[in-house]
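Chains as they are written, first to last, in the numbering used here: chain Z, 11 to 266; chain R, 11 to 266.
Heads up, some of the hints might be wrong.
For chains that are exact copies, the list does not tell them apart, and a pair is met inside one copy or across any two.
[Claimed, not checked] In silico lysine to any residue, SDA-like type, Cα no more than 25 angstroms apart, as pairs:
| # | residue 1 | residue 2 |
| --- | --- | --- |
| 1 | 226 | 261 |
| 2 | 226 | 255 |
| 3 | 227 | 162 |
| 4 | 261 | 114 |
| 5 | 94 | 254 |
| 6 | 261 | 159 |
| 7 | 261 | 164 |
| 8 | 261 | 71 |
| 9 | 94 | 259 |
| 10 | 94 | 260 |
| 11 | 240 | 103 |
| 12 | 160 | 111 |
| 13 | 261 | 165 |
| 14 | 160 | 262 |
| 15 | 160 | 46 |
| 16 | 261 | 104 |
| 17 | 261 | 100 |
Bear in mind the hints are in silico, worked out from the structure with no lab data behind them.
Listed below, chain by chain, are the residues.
Number of protein chains: 2
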Amino acid sequence: MAIPSKYVRENMELFAPFMKPEQVIVNVAKGLERGTLLRLSQVIRQCIPQCAVCTLVGPSHAEEVGRGIPTACVVSGDNMSTAKMIQSEFISHTFRIYTNSDEIGMEIGAALKNVIALAAGANDGLGYGDNTKAALMTRGLAEIARLGVKMGGNPLTFNGLSGMGDLIVTCTSMHSRNRRAGILLGQGKSLSEALQEVHMVVEGVNTAKAAYDLSKKYNVAMPITETINKVLFEGSSVHDAVLELMSRDGKEEIYY
Amino acid sequence: MAIPSKYVRENMELFAPFMKPEQVIVNVAKGLERGTLLRLSQVIRQCIPQCAVCTLVGPSHAEEVGRGIPTACVVSGDNMSTAKMIQSEFISHTFRIYTNSDEIGMEIGAALKNVIALAAGANDGLGYGDNTKAALMTRGLAEIARLGVKMGGNPLTFNGLSGMGDLIVTCTSMHSRNRRAGILLGQGKSLSEALQEVHMVVEGVNTAKAAYDLSKKYNVAMPITETINKVLFEGSSVHDAVLELMSRDGKEEIYY
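Same shape as in the complex, but just chain Z (with noise of 0.2 angstroms):
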């Protein structure tokens, strides 16, 4: 199930009547739902409370799953023996799969990466180098890191596939739609002109606003995703915003 997460709830209430309890939903959706700002597992077992729910994300862009280029992902789910029943249906030569019983970890990574790759389209759409954009990334795990460890999560998760390695692959591959909205605000495009070009359902602009409305609900520092909502929804220059980020004074670099 790989659909827009504004439309998550409706179509699981309307799958629910079918659904048995011995079937195993596998969400491979990577987002959170607007208002309530919980992830789309928790969403999905509100719905379908009879069946079990694992989740599956990790860098993956399917267009390369399709022609059976290696990918590893990682897998969790209600209970540890579910999502190893998972990992050993799915896993083959070309698609590797590990475990991970941190679900809170794993679905905040996946889903917050998106913002981050709309920061690291505009580092590339300005013209910025390699090294604003590894340090960008840098950043940006670090702090989803620190909202996902306040809501539970593991801190060595945001290390792995679902963290790091989704990251990676959002914010370098042109197959990412996030990334390439990113480059077109880069380019000086607005809001409403990047979408229209990308056409297809950028996650990342409602990631972002609930990213921060979990920054605040749970105090934690997260000013990439607070100068990316600038830019975003208040018209700050993504130029400006860059300079910003790069002038606060100096920091440990390890702080929870």
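Following the hints, put chain R in place on chain Z, whose structure we already have.
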């Protein structure tokens, strides 16, 4: 001081008589000493014990720093007051510096990322996609972190600029000689042909051997490092090596 790691000791011995105790040495070299397997800051301290030594690393291709492109690095040292002094001396609007007290983790990440860059380059040379490369980089950092933690590093350091950040820039930028050497290996060239074509020091080749020795010394599983060693020094084919990595048994994602 950014000289190849194999010449650090002899150069430091030459410098030693001229260094005054109030001088601070900022180490920006990335590698391990062959044979002793020492980090380079350890080598410098052995040769010049009268001086404080800091280590400054992170995603910072000199080609971009010199052009004023925004860059972020991290500094550590014998004590944090020296590191903070270096932070405040070097920080600017285009060069952002964090501090981290974990010198071991920083130097292990900065050195061993060159080994993973050889693998990432080979991935590109083979024509594999973004998914495979993101997985290689993520699992590569996981094995670097496993080793670094056994050596006394903080697992969170590997999430930072010296770990993930430097790994990203080295594995994705054409400025990286290690990646360029890996691309040539992926295209079927021999190690000596690749080194001749890159025509500059490729630290990852020496570091691969040292990393393998460290993995045995500390009894840490490092499948990517082991595979790269087979390709570099035992004539294994790059194509078979990737298949071998992908067909290991299903594992849990996080283990130390």
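Next on the checklist: Under the constraints set out in the numbered hints, which ones does this structure not fulfil?
Outcome noted: none
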